[in-house]
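Chain by chain, the residues run as shown.
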Amino acid sequence: MHLPFVAIRLALCNITRQDETMKTKLFRLLAVCACALASVAAQAADTIKVGMIVEMTGTFADFGRHMVNGATAYMKQYGDTVAGKKVELIVRDVTGAAPDLAKRLAQELVVKDKVDFLAGFGLTPNALAVAPIATEAKKPMIVMNAATSIITAKSPYIARVSFTLAQVTEPMAHWAYKSGIRKVYTVVADYGPGHDAENTFKTAFTKLGGTVVGELRVPLNNPEFGPFVQRVKDAKPEAVFVFVPAGELAVGFMKSYNERGLAKAGIKLISTGDVTDDGVIEAFGDSVLGVISTHHYSMAHDSPENKTFLAAYKSVDAKDRPNFMAVGGWDGMAAIYEVARQLKGNIDGDKAMQVLKGMKLLSPRGPIQIDPETRDVVQTVYVREVKKVGGVLLNVEFDKFDAVKDPGK
Amino acid sequence: MMKQPGQLPPYIQALRSRERWRGAEIAFWLSWVAVYFLFPDSLLFASQILITGLFALSLDLILGYAGIVTLGHTAFFGLGAYTAGLLTTHGVHEPLLGLAAAAAVAALAGWLTSFLVLRGSDLARLMITLGIAMLLLEIANRATGFTGGVDGLQGVEVGALLGLFAFDLYGRVAYCYVLVVSFCLFVLVRALMASPYGLTLRAIRENQRRAVAIGVPIRTRLTNIYTFAALIAGVAGALLTQTTQFVGIDVLGFGRSADVLIILIIGGMASLYGGFLGAVAFLLAKDQLASLDARYWLFWLGLLLIVMTLYLRGGIMEGLRKLAALTRWSRT
Amino acid sequence: MISFLGILFDGLAYGVLLFLISVGLSVTLGLMGFINLAHGVFAMAGGYLLVTLTGQFGLGLLASLPVIFVLVALGSLVLERVLYRPLYRATPLEQVLLTVGIIFVAVALATWLFGPGQQPLALPPYLDGQLSIGGLDLSRYRLFLIGVGIVITLALVFGLERTRFGARIRASVDRQQTAEAMGIHVGRVFQLTFAIGSGLAGLGGALGVNVIGLDPQFPLKFLVYFLLVVVVGGPGSVSGTLLAALLLGVADIASKYYLPQIGAFVIYAAMILLLITFPHGLLGRRRSS
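Residue numbers (this note's numbering), protein chains in the order written: chain H, 1 to 409; chain B, 1001 to 1332; chain Y, 2001 to 2289.
Just so you know, these hints were derived from the structure itself, not from any lab. A quick note: this is a predicted structure, and the numbers were derived from the prediction, not measured. The reader is advised that the hints may include incorrect statements.
To be verified - 27 Å max Cα-Cα, derived DSSO-like pairs, lysine-lysine:
| # | chain 1 | residue 1 | chain 2 | residue 2 |
| --- | --- | --- | --- | --- |
| 1 | B | Lys1322 | H | Lys49 |
| 2 | H | Lys49 | H | Lys202 |
| 3 | H | Lys114 | H | Lys183 |
| 4 | Y | Lys2221 | B | Lys1286 |
| 5 | H | Lys400 | H | Lys387 |
| 6 | Y | Lys2221 | H | Lys319 |
| 7 | H | Lys114 | B | Lys1286 |
| 8 | H | Lys112 | B | Lys1322 |
Stated by the list, open to error - Covered by chain B, per the in silico footprint, the following chain H stretches (three or more residues, Cβ under 8 Å):
| # | region |
| --- | --- |
| 9 | 102 to 112 |
| 10 | 129 to 137 |
| 11 | 316 to 326 |
Unchecked claim - Some residues of chain B that are not near chain Y, with every Cβ distance over 10 Å (derived):
| # | residue |
| --- | --- |
| 12 | Trp1032 |
| 13 | Asp1122 |
| 14 | Leu1126 |
| 15 | Cys1176 |
| 16 | Leu1192 |
| 17 | Arg1221 |
| 18 | Ala1258 |
| 19 | Ala1294 |
| 20 | Arg1295 |
| 21 | Thr1309 |
All C-beta atoms in this analysis are idealised placements derived from N, C-alpha and C, irrespective of residue type, glycine included.
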C-alpha cells in the first residue's frame, strides 16, 4: 500500500531536473503513475472490497465522516473477516454534491480497485449519477444516507438502508393531527428535498382535515432567519413544521425561533429529525428543548443493539456523537456482511440482490427490512421530544409508527 | 534594411513563426493519445481533465488574452451542460446535435451579457459576473421541474455517437470523443490567436487607449471574444453532460468558477496550454492528495498553492519557459 | 408599520455585522490594492476564539471581545510579514492564488481542530431573548450588535478624520507616492491598518457566531458577501462600506420578509444594479499608484 506513495514522491522530486525537455518529463510522470497504479491493482483478490463514496470534506463533511465511522465501528465490533474472507473498506471523498466526480470515483472503484460493493452516498445527486455504473457493472449499491424516494428506482442493484424523507415526514402529519393541531405553517429549505417534504406534509395533513395556513421556502444560502420566523410569528399558527438540512440552517432557525419567543406565543415546533440531528444537537444549547420531531433513529433509543452500537462508535471516535448517518453506515455493513455470509464469500451481483431483497436486520434503531419489491427500507418511525437526560440533550421517543414504507413510491 | 529577393518581410516572418507548431506542442497532444493506451482504467478521469482544460482555455481567452476578469464563467459551462442534457430528455439523443445546441445557447448568452463586461472597473466586473452566475444557480435550483434542482437532471440518455459508437463503462468512446472535440476547438483557437486578430486582443489587454488609437474596434473585439469564449465553455459543459450522462447543479456552482480560475493561474495565462497544464496539475494533485488523506487533503492543496505563488511565479508555463530558456542558454 | 420598523432594525443589525467584517478588507484593498480573499479567515478565527474563550476558558463574552481583537490583529501581522509582503508587487491573480491557498489551509485546520459542524455558543442571559420597546419586540443581542457597531464606526471615523494616523492613512490611499515623498512610511501605515482591519474582522466574526453561525466553511461561504459589500461601497472608503453594508443588509432582510419567493435573488440583483450604476462603488476612491 505504501509503494505507490513512495513512487509518487520520487517522481515529484525528479520532475525538477533541469536537463530534461518537457516531453521526457511528461513521459516520466506518466510512467511512474502507471507503475503506481499497477501495484495497487495487483493486491490480493481474497478480500471483499467495499468502495465507499462519501462526502468527507466541504459543507457536508459531517455526512461522510459519520457513515465511515459507523461502518468502521461495525467492522471493529464484529471483526473484519466474514465467510473466510477479509473485508476491506476503500473510502473515496466526493467533496460534496459532485455527480461527475462521484461517477468517476465509482467507475475507478469498479474497474481499478475491483470492489464487490459500492456504498455510502450522503447526497442524492451523487447516488443518482452512480446508479448506471452499478447497473452496468452488476455491483450491489448500498445507499447509507441519501433520502430521495426515486433513488432505488434508478438501478435494480440499489438497496437502501437509510430512510426517505417522505417516510419520516408523513407520520409527523398524522401525529400532529392526532394531538389536536389543526393549523400549521410550513417552513422548508428551498431545494428539491425541501419541496418534497413540504408536499408530503401538506398532502397528508390536509387529507386528514387540517389546514396549512402558510408556506415558506427558505434559500439554502441563508445566514439570517429573522424575517422568516417573524412572518410565521405574525401568522399565528398552532405549530410550525420545519424541514431544513442539518447544520447551520437548522441552528439558524432554532436560534431565531427561540429569540423571537415563538414557543411562548404558543407556536409549537414540529419537524423531521434532520433539524434535531443527534450529531449537531449540542450546538443548539437549551433552546431546542421541547421540540417534537419524527425520525427513524435516536441516540436515546433503548435497546441492546443500540447500546452495542454506541459503545462501538465511541471506541472509533470518542468525541463525536453518532447520529442516523452513522447508523446508516453500521447497518449498511451489517447488510454487506449478511450477503457475504449467505453467499459464502462469493459475491455475485444478482445473487447479492436476491439476498438483500426482503432482508431483515435488527438495527440499533429498531427492526428494519429491505422491501423485496422496491429494495427500499421499511422501518419504524418514532415521534420524539428533545429532553435533557443526565445533562445531555437527547431525542426521547414517546410514540411510534411501525413498519412505515416509503410513501413516495 | 535591404530585403533579399524571395525573403519575406520580417513582420510576416514573425506571424508565420507564431503559426508554426512547435515540437513540444505536438508531443503534448500525442501524449494525450498515448494516455488512451497507457491508462485504460482511468479514461473517465482523463476525459474530465481534458474537459476542465478546455473550460480553462475558454477562460484564458477572456482573462489572459482580453484581460477581462470574471468569476461567473461557469454560467456558460452550466448553460451548455443543461442544454445538452435537456435535449436528450426531450428526445434528441445524438451527441453532436447536443454539442451544437449547447454551443449556440452558450454563445447567445455570452453575446447578450457581453455588454456588462465592457464597462466598469475590474472589481465591478468581477462581482457583476459573479452575481449573474449566482442568479442562474438560484434559478436552476428553483426550477426543479425543469432542471431537476439539486437532485440533478434525470433521464439523460445520450445516444451512440454518429449512431455507431455507444458510450461504454470504461469511458473509451467518451475519451476519444472528448479528445477529438477538444483538439478541433484548440486548433481553431490557436489559429485565431496566432493571427493578427489575436495580436489586437493582446494590444487591447496591454494598453486600451493605444489600441483605440491604432484603430482597433475595442467593443466589437471584446464582444466577439467574450461570445466565442462562452461558446467554448458551453461545449465543455455539454461534453461533461454527455460523458457522465447526468447534469448536477454543481455545473453552475461557485466552486467550479473558482477552481477554473485557480487552474488557469497555476497553468499560466495567455499561453493556450496553461489551461490544460493547470488542469492536469491541479486535478492530479487533488486526486492524489485525496487518496492519501481523504479528510484533510485540502490542507495540503492549500499549502501547495501557497508554495507555488511564493516560488513559481507565472504558473507552470512560465516555469517551463524559464527551463526552456535555461537549456537554450546552456547549449549556446 | 410596527413590523416594518422591526424589519428595519433586523436589517440594520445584519448590515452592521457585514460592515464590521468587511471594513478591513475595504481599507486593505483601497490602500494597497492587495486582494486579500482570505479576509474571512480572520473573521473565522475570531469566531473560534470566542467559542474557545467562553467555552474552555470560561471568559465572559464582553471580556473576550477585546482579547479577540488583539489576538487576531497580532496573528494577522505575522501572516502579513511571512506570506503577504512578498506579493505586494505581484499581479492581482497571484494574490488571488495565494489567498485562496490560505483559505484552504485555514478551512482544513479548522475542521481538524473543531470538527466540521456548527459551534455551540451560550449567550449570557442579559444578551438573550427580546426587549420590548414601544410595542416592538427587539432582540437584545441585535441591540448590542448595533451598539457595538455605532461605537466602532464612531471610533473609525474619529480616527480617520481627527488623528494624525488617520490623516496618514487617507493620504496613503489617495496619493501613495506623494505620501511617501512627504515622509509618510506607507509600509508601516499599511501594516497597522491591516492589523486593525483584521482585528475588526475577528471581532465581527466573533459577534456573528450567534447571528450567522460558525463552521469551517465560513471563509468560503461568506466570501461573496464581503466582496459584495466592499465593491459596492467602493474600496478604500469606510463610509462607503458602511453605506453598502447597511443598504444590502436591509434589502436582504426586507425582501425576505415581504417577498420571500424572490428573497434570495434580491441581494444579487441589487448588487448588479448598483454596480452598473456606480462602477467604482457608491463612495469609492480611485486608487492612484
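Verification of the hints:
For the hint pairing Lys1322 (chain B) with Lys49 (chain H), the CA-to-CA distance comes to about 46 Å; that exceeds 27 Å, so the pair is violated. With a C-alpha separation of about 43 Å, the suggested pairing of Lys49 (chain H) with Lys202 (chain H) is violated against the 27 Å cut-off. The hinted pair formed by Lys114 (chain H) and Lys183 (chain H) fails the criterion: a straight-line CA distance of about 54 Å is larger than 27 Å. Note on Lys2221 (chain Y) and Lys1286 (chain B): the hinted pairing holds, with a Cα-Cα distance of about 21 Å set against a maximum of 27 Å.
Distance check on the hinted pair: Lys400 (chain H) and Lys387 (chain H) sit about 17 Å apart at the alpha-carbon level, within 27 Å; holds. Distance hint between Lys2221 (chain Y) and Lys319 (chain H) is fulfilled; the C-alpha atoms sit about 26 Å from each other, no more than 27 Å. About 22 Å separates the Cα atoms of Lys114 (chain H) and Lys1286 (chain B), which keeps this hinted pair within 27 Å; it holds. For a cut-off of 27 Å, the pair hint linking Lys112 (chain H) to Lys1322 (chain B) is broken: about 38 Å separates their Cα positions.
With 7 residues having a Cβ less than 8 Å from any Cβ of chain B, the region 102 to 112 of chain H passes the three-residue criterion, so the hint holds. Proximity of the region 129 to 137 of chain H to chain B, defined as three or more residues with a beta carbon under 8 Å from a beta carbon of that chain, is established by the 5 residues found. Restraint check on the region 316 to 326 of chain H versus chain B: 0 residues with Cβ-Cβ distances below 8 Å, three needed, restraint violated. Against chain Y, the non-interface label of Trp1032 (chain B) holds: every CB pair exceeds 10 Å, the least being about 26 Å.
Annotated as non-interface, Asp1122 (chain B) brings its C-beta within 10 Å of a C-beta of chain Y; the closest such distance is 8 Å. Distance check for Leu1126 (chain B) against chain Y: the nearest CB is about 7 Å away, which does not clear 10 Å, and the non-interface claim fails. For Cys1176 (chain B), the shortest C-beta to C-beta distance to chain Y comes to about 33 Å, beyond the 10 Å cut-off, and the non-interface label holds. Every C-beta of chain Y lies more than 10 Å from that of Leu1192 (chain B), the closest at about 23 Å, which supports listing it as non-interface.
Every CB of chain Y lies more than 10 Å from the CB of Arg1221 (chain B), the least distance being 20 Å, so the non-interface label holds. With a minimum CB-CB distance of about 7 Å to chain Y, Ala1258 (chain B) fails to clear the 10 Å threshold, and the non-interface call is violated. Every C-beta of chain Y lies more than 10 Å from that of Ala1294 (chain B), the closest at about 12 Å, which supports listing it as non-interface. Distance check for Arg1295 (chain B) against chain Y: the nearest CB is about 8 Å away, which does not clear 10 Å, and the non-interface claim fails.
For Thr1309 (chain B), the non-interface assignment is contradicted: its Cβ lies about 4 Å from the closest Cβ of chain Y, within the 10 Å cut-off.
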